[in-house]
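Peer 1: The lines below spell out each chain.
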Amino acid sequence: MAEILVYVDHVDGAVRKPTLELLTLARRIGDPVAVALGNGAADTAAVLGEHGAVKVLTADAPEFADYLVVPKVEALQAAYEAVSPAAVLVPSSAEGKEIAARLAVRIGSGIITDAVDLEAGDEGPVATQSAFAASFTTKSRVSRGTPVITVKPNSAPVEAAPAAGAVEALTVSFSEKATGTKVTSRTPRESTGRPELTEAAIVVSGGRGVNGAENFAIIEALADSLGAAVGASRAAVDAGWYPHSNQVGQTGKSVSPQLYIASGISGAIQHRAGMQTSKTIVAINKDAEAPIFDLVDYGVVGDLFDVVPQLTEEVKSRKG
Amino acid sequence: MSLRIVVCVKYVPDATGDRKFADDLTVDRDDVDGLLSELDEYAVEQALQIAEEADEAEVTVLTVGPEDAKDALRKALSMGADKAVHVEDDDLHGTDVMGTSLVLAKAIEKVGYDVVIAGMASTDGTMGVLPAILAERLGVPQVTLLSEVKIEGGVVTGRRDGDAASEQLEASLPAVVSVTDQSGEARYPSFKGIMAAKKKPVESLDLSDLDIEAEEVGLEGAWTAVDSAAERPARTAGTIVKDEGEGGKQLAEYLASQKFI
Ligand SMILES: Cc1cc2nc3c(=O)[nH]c(=O)nc-3n(C[C@H](O)[C@H](O)[C@H](O)COP(=O)(O)OP(=O)(O)OC[C@H]3O[C@@H](n4cnc5c(N)ncnc54)[C@H](O)[C@@H]3O)c2cc1C
Ligand SMILES: Cc1cc2nc3c(=O)[nH]c(=O)nc-3n(C[C@H](O)[C@H](O)[C@H](O)COP(=O)(O)OP(=O)(O)OC[C@H]3O[C@@H](n4cnc5c(N)ncnc54)[C@H](O)[C@@H]3O)c2cc1C
Numbered sequence: 017m018a019e020i021l022v023y024v025d026h027v028d029g030a031v032r033k034p035t036l037e038l039l040t041l042a043r044r045i046g047d048p049v050a051v052a053l054g055n056g057a058a059d060t061a062a063v064l065g066e067h068g069a070v071k072v073l074t075a076d077a078p079e080f081a082d083y084l085v086v087p088k089v090e091a092l093q094a095a096y097e098a099v100s101p102a103a104v105l106v107p108s109s110a111e112g113k114e115i116a117a118r119l120a121v122r123i124g125s126g127i128i129t130d131a132v133d134l135e136a137g138d139e140g141p142v143a144t145q146s147a148f149a150a151s152f153t154t155k156s157r158v159s160r161g162t163p164v165i166t167v168k169p170n171s172a173p174v175e176a177a178p179a180a181g182a183v184e185a186l187t188v189s190f191s192e193k194a195t196g197t198k199v200t201s202r203t204p205r206e207s208t209g210r211p212e213l214t215e216a217a218i219v220v221s222g223g224r225g226v227n228g229a230e231n232f233a234i235i236e237a238l239a240d241s242l243g244a245a246v247g248a249s250r251a252a253v254d255a256g257w258y259p260h261s262n263q264v265g266q267t268g269k270s271v272s273p274q275l276y277i278a279s280g281i282s283g284a285i286q287h288r289a290g291m292q293t294s295k296t297i298v299a300i301n302k303d304a305e306a307p308i309f310d311l312v313d314y315g316v317v318g319d320l321f322d323v324v325p326q327l328t329e330e331v332k333s334r335k336g
Numbered sequence: 537m538s539l540r541i542v543v544c545v546k547y548v549p550d551a552t553g554d555r556k557f558a559d560d561l562t563v564d565r566d567d568v569d570g571l572l573s574e575l576d577e578y579a580v581e582q583a584l585q586i587a588e589e590a591d592e593a594e595v596t597v598l599t600v601g602p603e604d605a606k607d608a609l610r611k612a613l614s615m616g617a618d619k620a621v622h623v624e625d626d627d628l629h630g631t632d633v634m635g636t637s638l639v640l641a642k643a644i645e646k647v648g649y650d651v652v653i654a655g656m657a658s659t660d661g662t663m664g665v666l667p668a669i670l671a672e673r674l675g676v677p678q679v680t681l682l683s684e685v686k687i688e689g690g691v692v693t694g695r696r697d698g699d700a701a702s703e704q705l706e707a708s709l710p711a712v713v714s715v716t717d718q719s720g721e722a723r724y725p726s727f728k729g730i731m732a733a734k735k736k737p738v739e740s741l742d743l744s745d746l747d748i749e750a751e752e753v754g755l756e757g758a759w760t761a762v763d764s765a766a767e768r769p770a771r772t773a774g775t776i777v778k779d780e781g782e783g784g785k786q787l788a789e790y791l792a793s794q795k796f797i
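Going line by line, the protein sequences match chains A and B.
Just so it is clear: in the first sequence, position 183 is 199 by our numbering, and no numbers are missing.
Just so it is clear: in the second sequence, position 114 is 650 by our numbering, and no numbers are missing.
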């Protein structure tokens, strides 16, 4: 079978969930060969093998952390040249998309970004994309070169599929271009202990209706009762009530959880762009006319300061 | 020497309108008003601030798009950019990101630049990759997705807030920069600015001016193909209850019935 290159998103060897979802999609179109770069790269092999990677190509060098994007492009290109894959799949993070796009230029291929599904087709892999704030669904293909496709989180289930996962060292030599943009310092984002927003099965979000940073405790309490991630609308973020890293929407994170709970959020198109593909949508808003109610499976017209704490208590008592 | 800043701006259908695809599966531009992509206003703003800080600078706004894309250029000129370049050619209809970036790169080289500034993503295609591709094509450093940017002594520095960490970046000019909507509110055009914009030069270029063959761009030249586009079925109307004191409990009951609790 044809080999499919899968770019691994990991933190010091801990593989992030979207990469495992990519392996599921890659197995639909060929044999996944994973590429893991940077600190802890070799530690990714076991879990990648359990999810279908036949091979894991690894490389570590200070350049991956010290310079922006391009060293990773050059390593992925080296893997591409070594493997001659039938397609290259990359997680749709901001960095993943940039790596994929530069690789595509270098290898003379078209690129599709933000696929939400992928299947085999007569003329190569067919990607499903969501367009115009998820009001349209398109099917597209790369028609020239080796398809380079970036895939959004939560686009496929994680499936166990034991494979060899044999580690092979990848030889990379960096060009002058690789060191053009220096990373002079890095401040890791503090962990909240909650699930990653883009990967979470449940997301609980608050908007302008939450009316103050301190009131976000109500949203967090509901999230914690459900084991959910916390999101926020741009209005809440711009007001300084919650960090930008938690913003859901066009200029924040795009989420597609099993359950999305919006409290005090009106449902502007730019917010919908980031959450409209959620499986089940629930809203709490005191305005019965709020556009968010057009999207919901279940809505409560009411004051979030009454409804949310009552919901949290009820969830806690049902969970015992 | 004067700092030459080129800002890439895209003309897009209004996101609050009823956006859809035309029969050839390209963006329908007839039924929805177009405008300067709101996220590119941030790029224009940062360009103007950098120009104001510099001893001498010239801000050129550049777009690849149909006739009406002039509106986007006018808006940027009225904010304070000095001149505009419009690449317009019937053969460009349906161009994908590889073709668009090729055209932009050639136009940028023709105009001459020390720094290119782009938005974080367009509001229609939303790929968020064009600036990285431009850096690749131009062979200069990529300093993208900045929430803060500064140019001093031929060096660009800025802060990139990523998923896992916030990074400080540094590169020598020439370079390609992109800025996010966290970089600072864009100014509104003043009346004076709007009047002045009418007299500012807008240069039109076509593919032959850029030595690009028609086959390299357009729907035919695209390296990607859209096979179908379907409107997402409207979500089935959900249950809406009014809170009469038991709203939270009713919601919990629903979540339990869906196995979320
Ligand atoms: C280029 C661009 C990009 C954008 N990107 C994003 C993005 O990524 N994410 C995003 O979210 N927005 C984005 N926006 C902004 C978007 O247009 C809206 O302004 C924003 O989503 C509004 O946030 P909100 O719903 O919290 O606030 P509002 O629209 O003010 O809605 C607040 C809601 O809370 C309700 N409410 C108030 N008090 C209570 C209460 N006590 N109990 C219950 N309900 C209450 C109100 O009835 C109202 O419906 C973008 C805009 C632009 C132009
Ligand atoms: C719904 C949809 C999905 C698409 N998917 C794909 C796809 O998967 N693959 C593909 O190859 N093409 C795709 N296209 C086509 C692609 O959007 C265009 O070719 C576009 O010009 C470049 O991509 P973008 O707008 O997404 O750019 P982005 O990378 O999001 O734009 C970033 C910045 O680049 C600058 N910029 C972008 N376009 C222009 C322009 N025309 N003139 C001046 N500056 C510009 C702006 O500063 C902008 O803020 C898609 C288009 C649509 C409408």
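Quick caveat, the hints were computed from the structure, so don't treat them as lab data.
Each residue gets a CB set at the ideal place from its N, CA and C atoms; glycine is no exception.
One should not assume that every hint holds.
Quick partial rundown of chain A residues pointing at chain B, CB under 8 Å, derived from the structure [to be verified]:
1) Glu111
2) Val132
3) Thr197
Derived, one-sided and incomplete: chain B residues facing chain A with beta-carbon distance under 8 Å [said to hold, decoys possible]:
4) Glu645
5) Asp697
6) Leu709
7) Gly783
8) Ala788
Peer 1: List in ascending order the numbers of the hints, as given earlier, that are violated by the structure.
Peer 2: 2, 4 and 6
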